[in-house]
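*Asks:* Sequence order for the protein chains is P and H.
Numbering follows this note's numbering, in which position 210 of the first sequence is assigned residue number 210; successive positions increment by one, without gaps.
Numbering follows this note's numbering, in which position 296 of the second sequence is assigned residue number 296; successive positions increment by one, without gaps.
Note that these hints are calculated values from the structure, not bench results.
Here the structure is a predicted model, which is why all the values come from computation and not from measurement.
Glycine is no exception: its CB is placed at the ideal position from the N, C-alpha and C atoms.
Any given hint might turn out to be false.
Non-contacting residues of chain H with respect to chain P, defined by C-beta distances greater than 10 angstroms in every case (computed) [claimed, not checked]:
1) L41
2) G270
3) P558
4) T620
5) A671
6) G699
Some chain H residues close to chain P (C-beta under 7 angstroms, calculated; not the full set) [claimed, not checked]:
7) E132
8) S668
9) G669
10) T670
11) K674
12) R677
13) M710
14) S714
15) L722
16) E736
17) S794
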Amino acid sequence: MQVPAPFEYERATSVDHAIALMERLGSEARVVAGGHSLLPMMKLRLATPEYLIDINDLSAELEYIRIEGAEVRIGALTRHRQLLESDDLAAVLPIFRDAEKVIADPVVRNRGTLGGSLCQADPSEDLSAVCDAVGASCVIRNSSGDRVVSMHDFHRGPYETAVADGEMLTEIRIPLRPGSSSAYHKVERRAGDWAVASAGAAVTMDGDVIADGRVGLCAVGPNLTNVEPISAALRGQAPSEELYALVGQIAADNADPSTDTRGTAAYKTHLAKELTIRSLRKAVARATGQA
Amino acid sequence: MTITEPGVEENANAVPTPDNNLNDQKPTGFGRMLRKEDPRLVRGLGQFCDDVELPGMLHLAILRSPMAHARIVSIDKTAAEAHPKVKAVITGADLAAQNLAWMPTLSNDVQAVLATDKVRFQHQEVAFVVAEDRYSARDALELIDVEYEWIDPVIDVRKALDADAPIIRDDLEGKTNNHCFEWEAGDKDATDAVFADAAENGIIVTEDIVYPRVHPAPMETCGCVADVERVSGKLTLWSTTQAPHAHRTVYALVAGLPEHKIRIIAPDIGGGFGNKVPIYPGYVCAIVASLVIGKPVKWMEDRTENLVSTGFARDYIMRGEIAATKDGKIRAIRTNVLADHGAFNGTAAPVKYPAGFFGVFTGSYDIEAAHAHMDAVYTNKAPGGVAYACSFRITEAVYLIERMVDVLAYDLEMDPAELRLKNFIQPEQFPYMSKTGWLYDSGDYEPAMRKAMDMIGYDELRKEQADKRERGELMGIGIAFFTEAVGAGPRKDMDILGLGMADGCELRVHPTGKAVVRLSVKTQGQGHETTFAQIVAEEIGIPPEDIDVVHGDTDNTPFGLGTYGSRSTPVSGAAAALVARKVRDKAQIIASGMLEASVADIEYEAGTFRVKGDPEKSVTIQDIAMKAHGAGDLPEGLEGGLEAQICYNPENLTYPFGAYICVVDIDSGTAEVKVRRFVAVDDCGTQINPMIIEGQVHGGLTDGVGMALMEMISFDDEGNCLSGSLMDYLIPTAMEVPDWETGHTVTPSPHHPIGAKGIGESATVGSPPAVVNAVVDALKPYGIRHADMPLTPSRVWETMQGNHTPPI
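Just chain P, same shape as in the assembly:
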């Protein structure tokens, strides 16, 4: 059995309580929710926080999926399983169900949370690409109140986010626009593995043309949760296989993967293209009622 280094532990009774604890304890304190990234790192002693603040009792404040008018609000403590199983969410943002089907395994999905995934900011982590593709913003709370940042500003790089000491991510907000849909494709060596590469796409159609399109890539290099040149190439274009191939190539050109045991850089670059094409094709088909 792998055993972590010594740490102190407290269960927060409210979000305010959790934030007060974090303010007091500073940078040696970490929030634990599902624990499916943090606890393995602690057991391997790759992470040695001195204090753990457990927020699993804060379901009433932080665990929800609300579709209100032109916006979806998801609490940071919402479990993967809830994202997978929510028919309401799948109806407006099918990319979440696509992604959740291939995130880890049921045991992890029962406990792991949306907020935990985003705050971990692992470059191979699926939900950052998903949230950026659908133009999400993040609500960060500290003792003086809430602030809202875009995914772009939230994600500072591998394992780095905009959440500072004494702060916590509380909610994700995703705008809904008519004529929109989304999709996610991932290649993994085995069910439950991290992505060899993956791509998420979201499009908003205006009649026969793409008014707005975004693609986020995973595991093929830093800062690709939204590939800006793809959005520029898609804007105002009619969907076609030629267009998909063009933006697939842009994805490949922007990818900067490294060779590791999951695959060669050449293969991952190929996947950036292939999976971008597949995600876009499906997102457009869904948005236009063809899927």
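Given the coordinates of chain P, assemble chain H onto it according to the supplied hints.
*Replies:* The following block gives chain H in isolation, referenced to the frame of chain P:
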């Protein structure tokens, strides 16, 4: 899922088997029944090593080397010793003072218990801490300060014999290179002559084939609890061992403890697959700690330690060659192998077989000549070479020949099924002496092959494949036909560290007709508590549920070499049948007295003894058991009681075989491989419990898909192991495997008392070539003749681009 087997005729040589179609019957002998151990195991009430808790028990943690090759300059343990909960900190120097720093391996090499001079692989054992709890023991490891001096490691096995390669085993006197051993089999001259002829008149195919390093990765890691009683000095060791008796003897030799003062208890074991055959430094450390401190000491590996330091398997780089006629008659096979044995030769195999049973690489085919040559080398990697569900290197041998036959089929543009059928050893040729000296006991290959082809619908699949290729879709059909040599083994040929590979067995029938059978072998999940009860039940008619199977405790079982290499049924299964017959013979004499008839006039059937021609006069085995222990006289010269013991020395190995066919689909855009179907037809001779056999086959097939598609222990250039967690070392899940379709034929072993052959490793041996052959077959439109495991999406895609490179 119900498997329906198409109406194919059973093997003509087959003996009738009981009705195998119903589960949870209560057979008095062979047949399907639920496993007796499962009520305990499926409820989580098994008792594993880590469940052992003793009063005052301490915990041991091991400090491991961060480097693959480095001289130990100094070790400062003062800070660790000052930890308030630490009881002892022991280094290699401390062990050396007791002459315990080195221990023998199972292959007549030595291995460091704790490194003294230098470390020879990453994660090698350097020191250990004993503390009041496992958290403190682990914390204190970080307080030990070791200064290392870097030495260039030997990681690329192909460079291990280079003149300028650093010498890894400078502990061995006079060692001037990294050569471990050389091995040869077959007739080189005769083989070369056939190849020379084939070069003129036939065809020669050559391929370089890698079987990468993999790991058994049992769910339960290795560990033990050592308890040396302070007054008597007797050591009780609860240990994750597949071979408790062999371990006891080795500990006696290593630690100088008298053998009667050692008791090994192997409690429930959560998977072994050969990983729990060797003696690891951790066990010895725990024993030393208990001796020194006078308290029980527990050591349990964590997952990383298990993956990075304990016995690996395979790691063979093979060049295969076949000489054949142009119409596809295989004439000769030769191979040259470079074997990576890591830093110490820890191979678990009979002493005279340093390459295990790799000599069966001629497979299931009748050929004119064969030759193998092997160089084994040391590298700066973890030691091992265990019998990982491979019946001693047969996995490598079968992979080589079954891959090579497909290579030949590719070059001849022949159907691989037809090519195999054309070359099989024929039934009338058994017993068949192979060209490398293995006496195949029995076989009837074509019916098994035809049955597999019928079950999967071979011809229709080939038509579907042709249609798909027209459309640019990638579908492959892969065949493997294997023959194993299992059940080591005859003591004239086979021993491990001087211990002959015969197995004892004791059977005692209690007065009320219940019984206890005591075995030297040890289940790790294979269902021994059921199977061995059924073997005894079949012979003496006591129901299996009335027979207690005792195993895994050296104080309470007869001597024997343990469970690995599919040897339990071939060796101890024979012992159990024969000891039961011995008891039955005595029962028959007692019955003759009870029935007032001569012994020759008594006939036995299913637990009842009758007077011939007078069936009303009968007694049951239960009646006899009471008589044997009860009042009144027994027939003259007979002692009371109803028990017997024997030691069974097998006359030969058993040779199970099977025909496996796999169908895969490959996504041409992402190169992902999906195993669509898999048919496995196995012949393990007489079947004892078909449900357990199917379970063994299902597990092995899953294992094979893992090795073929995803598993590999890999290293970077500095010797850092990159596969230290189950996130990095992938084993397959239900998502990666199809619904298994199993069938069987029955060709009994002629020399085994009940005709049974081993089944434990058949599927692990046979499935990797079937999967790889299917993937390569799917890639035929790309002109691909070979690709190495593991066939990850990346490797398949690179192969499709013409960029196939070996994994090592």
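*Asks:* All the hints need checking, so say for each whether the structure fits it.
*Replies:* Consistency of the hints with the structure:
| no. | hint | verdict |
| --- | --- | --- |
| 1 | L41 | 20 angstroms, holds |
| 2 | G270 | 13 angstroms, holds |
| 3 | P558 | 35 angstroms, holds |
| 4 | T620 | 51 angstroms, holds |
| 5 | A671 | 8 angstroms, violated |
| 6 | G699 | 17 angstroms, holds |
| 7 | E132 | 13 angstroms, violated |
| 8 | S668 | 10 angstroms, violated |
| 9 | G669 | 5 angstroms, holds |
| 10 | T670 | 5 angstroms, holds |
| 11 | K674 | 12 angstroms, violated |
| 12 | R677 | 19 angstroms, violated |
| 13 | M710 | 5 angstroms, holds |
| 14 | S714 | 6 angstroms, holds |
| 15 | L722 | 6 angstroms, holds |
| 16 | E736 | 6 angstroms, holds |
| 17 | S794 | 3 angstroms, holds |
Against the hints set out earlier in the document, violations occur for numbers 5, 7, 8, 11, 12.
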